[in-house]
Amino acid sequence: MLELLRELGAALRIPTSFVIIEFIGTMAFAISGIRLASSKRFDWFGAFIVGMATAIGGGTLRDLMLGVSPFWLTNNIYIIWCLVSLFWVVIFGKYLIRQKNTWFIFDTIGLALFNVIGIEKTLQMGFPTWTAIIMGCITGAAGGVIRDILINEVPLIFRKEIYAMACIAGGVVYIVGHVYLGFSSELNALFSSIVVMAVRILAVRYGWHLPVLKGEEDQK
Amino acid sequence: MLELLRELGAALRIPTSFVIIEFIGTMAFAISGIRLASSKRFDWFGAFIVGMATAIGGGTLRDLMLGVSPFWLTNNIYIIWCLVSLFWVVIFGKYLIRQKNTWFIFDTIGLALFNVIGIEKTLQMGFPTWTAIIMGCITGAAGGVIRDILINEVPLIFRKEIYAMACIAGGVVYIVGHVYLGFSSELNALFSSIVVMAVRILAVRYGWHLPVLKGEEDQK
Amino acid sequence: MLELLRELGAALRIPTSFVIIEFIGTMAFAISGIRLASSKRFDWFGAFIVGMATAIGGGTLRDLMLGVSPFWLTNNIYIIWCLVSLFWVVIFGKYLIRQKNTWFIFDTIGLALFNVIGIEKTLQMGFPTWTAIIMGCITGAAGGVIRDILINEVPLIFRKEIYAMACIAGGVVYIVGHVYLGFSSELNALFSSIVVMAVRILAVRYGWHLPVLKGEEDQK
Chain A
2 MLELLRELGA ALRIPTSFVI IEFIGTMAFA ISGIRLASSK RFDWFGAFIV
52 GMATAIGGGT LRDLMLGVSP FWLTNNIYII WCLVSLFWVV IFGKYLIRQK
102 NTWFIFDTIG LALFNVIGIE KTLQMGFPTW TAIIMGCITG AAGGVIRDIL
152 INEVPLIFRK EIYAMACIAG GVVYIVGHVY LGFSSELNAL FSSIVVMAVR
202 ILAVRYGWHL PVLKGEEDQK
Chain B
2 MLELLRELGA ALRIPTSFVI IEFIGTMAFA ISGIRLASSK RFDWFGAFIV
52 GMATAIGGGT LRDLMLGVSP FWLTNNIYII WCLVSLFWVV IFGKYLIRQK
102 NTWFIFDTIG LALFNVIGIE KTLQMGFPTW TAIIMGCITG AAGGVIRDIL
152 INEVPLIFRK EIYAMACIAG GVVYIVGHVY LGFSSELNAL FSSIVVMAVR
202 ILAVRYGWHL PVLKGEEDQK
Chain C
2 MLELLRELGA ALRIPTSFVI IEFIGTMAFA ISGIRLASSK RFDWFGAFIV
52 GMATAIGGGT LRDLMLGVSP FWLTNNIYII WCLVSLFWVV IFGKYLIRQK
102 NTWFIFDTIG LALFNVIGIE KTLQMGFPTW TAIIMGCITG AAGGVIRDIL
152 INEVPLIFRK EIYAMACIAG GVVYIVGHVY LGFSSELNAL FSSIVVMAVR
202 ILAVRYGWHL PVLKGEEDQK
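Chains as they are written, first to last, in the numbering used here: chain A, 2 to 221; chain B, 2 to 221; chain C, 2 to 221.
Treat the hints with care, since some could be wrong.
Identical chains blur together in the list; that is why a pair holds if it fits in one copy or across any two.
Stated by the list, open to error - Derived lysine-lysine pairs resembling BS3-like cross-links, with alpha carbons at most 30 Å apart: (1) 41 to 161; (2) 122 to 215; (3) 41 to 122; (4) 215 to 161; (5) 161 to 122; (6) 95 to 122; (7) 215 to 95; (8) 215 to 101; (9) 41 to 101; (10) 41 to 95; (11) 95 to 161.
By construction, these hints were calculated from the structure, which means they are not laboratory data.
Everything numeric in this text was worked out from a predicted model, so none of it was measured.
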């Protein structure tokens, strides 16, 4: 198994630890989608698609905008991870509430990683730094929006969670390190990830949220 | 009329029979969208857009992912077929329930054909075989998902119908014939289509469905 | 400020007046999205994203279909305008009802301009004239559809407003002038814009609407 991950990492020219984190993040995202689908009584196929959309939807939207084919079209490992996530929920469904904190941590790690992947891919393609921050945010947060559209709910991150703002904070840290401080990309990725995870964990812990925009009917 | 279809087929380098089947499939898909839009009291324009999205949405998503311009941007025949479908519903609306079985057959033929078109286009562009199976499924089934998002309903295929699974079964048959048995693409298309239609017809006839994913609240 | 707009215009090779109109149109579209988001009690981030989607969603969909990177990825002025729109609503929210007619006019001007931009970009890329009409319509009207999907409502333009039909009327005028009358692109843009604005204003003034498609249950 570790050998497989090492080979995959070599093929993709990324370190093994990175592949393990990506696996954890993808599964955490997919499981969040599959659980929401199950609460809507979707069948296995529907739940799998919602899980896929949550896990790879953000990266797919990023790749379409950057003008390249979605990353998962040439590497079937992402679909396999989503299938593993589906069977995890089928088998361990009743224990998932008990695993809640574990998956929250994995989800947060995944968010930080997806953000960094989006930033680095955008910079490598020669786009401006502010575009990279937005693409990092899309990679991390758009999957959840697509998930909520598919289950016909108002997107959660538009009303409650500090999710996208954590990505933007981490993105700014990455770009500052990249442009002004001349840090290596490893160091930028590390600092950026720490910021994303810290903002998200603190936001959940202390109930941080953005102000709600007052509707006109409130102001009469 | 037949002459026109033959010319169109020659222009697209596909046989005339294929063009007729594509016409039938496109109309069946468009009519399914237009009927759902009418049940939501959309105006003609809204109904036309939902019909278009149902008929060409899957192929559009496939083309965007494969990195080519959507197929209908350079050939206005698809928009004409969708307009014909709109006027068909406007004029024959009250007879559509009586035509139900006919349109079910046409819809199933369309599904089988769209699946094959998606598979062959993806293979021709040099993507892996499993990507082709997924792209066939997207070509056939994603239009219905976009339709349901536009009319603000939970996508039907995530809860009830064996629609995408029929595409996947047909896709596996195509790829097995293509890679392991060395069949011609005509033969693969034929066998694949038969499997898609058989699975879909039997599923509706015998009420086949995938298991529903149990939500956590069910397991307390 | 005017100097900045002139420079921007020079960089984009468009006249200054054009940049001012685009600014007005983008803000009008963004504000319409932000106001709807506020009625759903979105937070500032959610409202900003819905505003962005309304203002640049149509052009983004057009660019993805034409096979180029979305226009706003290489010029951050659009995001700045959407941020300005957000703060406008935050600060002047309670006066927006009184500004209603002003924003209706700005929204209509924006629609006319976005339509022309979509038509000209599509023609420049060598697509057929009918594709240009559709892409103009998508540039002007698809942002509102994406907005309504994000706030989980049935798209407004499918049921009520003459919005897309105004674009199509203006598009036909543009293409007739372009192909048959040999007018300059400035003249075509002017005539097309006048038609779009006239159709939209008259439609709202006199309550024009397309016929509703009768559902089958109505005809029993």
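- Item | Hints violated by the structure (numbers, ascending) | Hints 2, 3 and 6 are the ones this structure does not satisfy, whereas the remaining hints hold.
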